[in-house]
Amino acid sequence: MRKFALLAAVALAAALTLSACSKHEDEQQAASAQAAQVTRPADKNDTEGWNKYLVQLLQKNLQGMSASQPYAYLVTPGDTDEAKAQNDRQLSTVQDTVARGVLPGNLLAFAGPDSAKTADLVVTAFTGAKAGSFKDVIVLFIGDQADQQRVEEAIKPTGATFRFVQM
Amino acid sequence: MSLKILDTCVNCDVCEPACPNKAISLGEQFYVIDPALCTECVGHHDEPQCMVVCPVECIITDPEHIESHDQLDLKYRQLMAMEPAA
Numbered sequence: 001m002r003k004f005a006l007l008a009a010v011a012l013a014a015a016l017t018l019s020a021c022s023k024h025e026d027e028q029q030a031a032s033a034q035a036a037q038v039t040r041p042a043d044k045n046d047t048e049g050w051n052k053y054l055v056q057l058l059q060k061n062l063q064g065m066s067a068s069q070p071y072a073y074l075v076t077p078g079d080t081d082e083a084k085a086q087n088d089r090q091l092s093t094v095q096d097t098v099a100r101g102v103l104p105g106n107l108l109a110f111a112g113p114d115s116a117k118t119a120d121l122v123v124t125a126f127t128g129a130k131a132g133s134f135k136d137v138i139v140l141f142i143g144d145q146a147d148q149q150r151v152e153e154a155i156k157p158t159g160a161t162f163r164f165v166q167m
Numbered sequence: 168m169s170l171k172i173l174d175t176c177v178n179c180d181v182c183e184p185a186c187p188n189k190a191i192s193l194g195e196q197f198y199v200i201d202p203a204l205c206t207e208c209v210g211h212h213d214e215p216q217c218m219v220v221c222p223v224e225c226i227i228t229d230p231e232h233i234e235s236h237d238q239l240d241l242k243y244r245q246l247m248a249m250e251p252a253a
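Taken in order, these protein sequences are the chains called A and B. Under the numbering used here, the residue at position 49 of the first sequence is numbered 49, and the numbers go up by one with no gaps. Under the numbering used here, the residue at position 12 of the second sequence is numbered 179, and the numbers go up by one with no gaps.
Worth flagging that the hints you see were computed from the coordinates, not collected in a lab. A couple of the hints might just be wrong.
Lysine-lysine pairs mimicking DSS-like chemistry, simulated, CA-CA at most 27 angstroms apart [stated by the list, open to error]:
| no. | chain 1 | residue 1 | chain 2 | residue 2 |
| --- | --- | --- | --- | --- |
| 1 | A | 84 | B | 189 |
| 2 | A | 60 | B | 171 |
| 3 | A | 52 | A | 117 |
| 4 | B | 171 | A | 52 |
| 5 | B | 189 | A | 52 |
| 6 | A | 60 | A | 135 |
| 7 | A | 156 | A | 135 |
| 8 | A | 117 | A | 135 |
Here the structure is a predicted model, which means the values were calculated and not measured.
Generate coordinates for the entire structure from the input sequences, incorporating the hints supplied.
This is the structure in structure tokens:
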């Protein structure tokens, strides 16, 4: 009887220790996941920080995509010659994509620190797009609510599924 | 070693313009690095620019293309010699 009580006490102690360890590990994992979260940069010119933040939002909103990778278009803020060149190049890429059409199951994401600028790019690129050319394609716009409607209207004729995420 | 892009790439196109050797292009599903053109930025920068700018950190050194610093430097010089004069 005394042996049984001793064994039970040892088993209980082991179970409590394991439970405490497991809880500690869970807390550590949660803490590290939280640490890995990228916060919205305060400086619009922190390109690396913004790209990380926007891609993090993108990765949380890939539901419904059946392609293996999304296509993310990160629009550079600012009016420097370098930013203009990058944005012209990007607009040309998107216009080619829109003209060519996209296979069903793909997801195209548009984002940038300057929401209005990102919206301008989408609206320009989708002007004159063929009706129904983006059927079963998801177009994700990560920006400000103020720009949501005009982007949605520009996308609508293509038949794409529009998704908006507040940045 | 040259560098390699993993399939966690989100096709954000940030790395392509950052490459001084024009070694990065859009592949069938995601961006790829041409090992014949990648010098890991040796000759241009202190560290590979694509790795610096990639927001998802999906670029690694390619274990299938192992090259020493001297080999990368030689590749850089060969690439420069092939560039048309300005």
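Worksheet item: Hey, residue 189 of chain B versus residue 52 of chain A, does the alpha-carbon distance stay inside 27 angstroms?
Response: holds (23 angstroms)
Exercise for review: Could you grab the alpha-carbon distance between residue 117 of chain A and residue 135 of chain A and see if it respects the 27 angstroms cut-off?
Suggested key: holds (25 angstroms)
Agreement of residue 84 of chain A and residue 189 of chain B with the hint, judged by alpha carbon distance not exceeding 27 angstroms:
holds (20 angstroms)
- Message: Given the hinted pair residue 60 of chain A and residue 171 of chain B, is their Cα-Cα distance within 27 angstroms?
- Response: holds (25 angstroms)
Review point. Regarding the pair residue 171 of chain B and residue 52 of chain A, is the alpha-carbon distance no greater than 27 angstroms?
Key: holds (20 angstroms)
Exercise. Residue 52 of chain A and residue 117 of chain A: Cα distance at most 27 angstroms?
Worked result: It holds: about 19 angstroms lies between the C-alpha atoms, which stays within 27 angstroms.
| query | If you draw a straight line from the CA of residue 156 of chain A to the CA of residue 135 of chain A, is it 27 angstroms or shorter? | reply | holds (10 angstroms)
Within a Cα-Cα threshold of 27 angstroms, do residue 60 of chain A and residue 135 of chain A meet the stated pairing?
holds (22 angstroms)
Violated hints: none; the structure is consistent with every hint.
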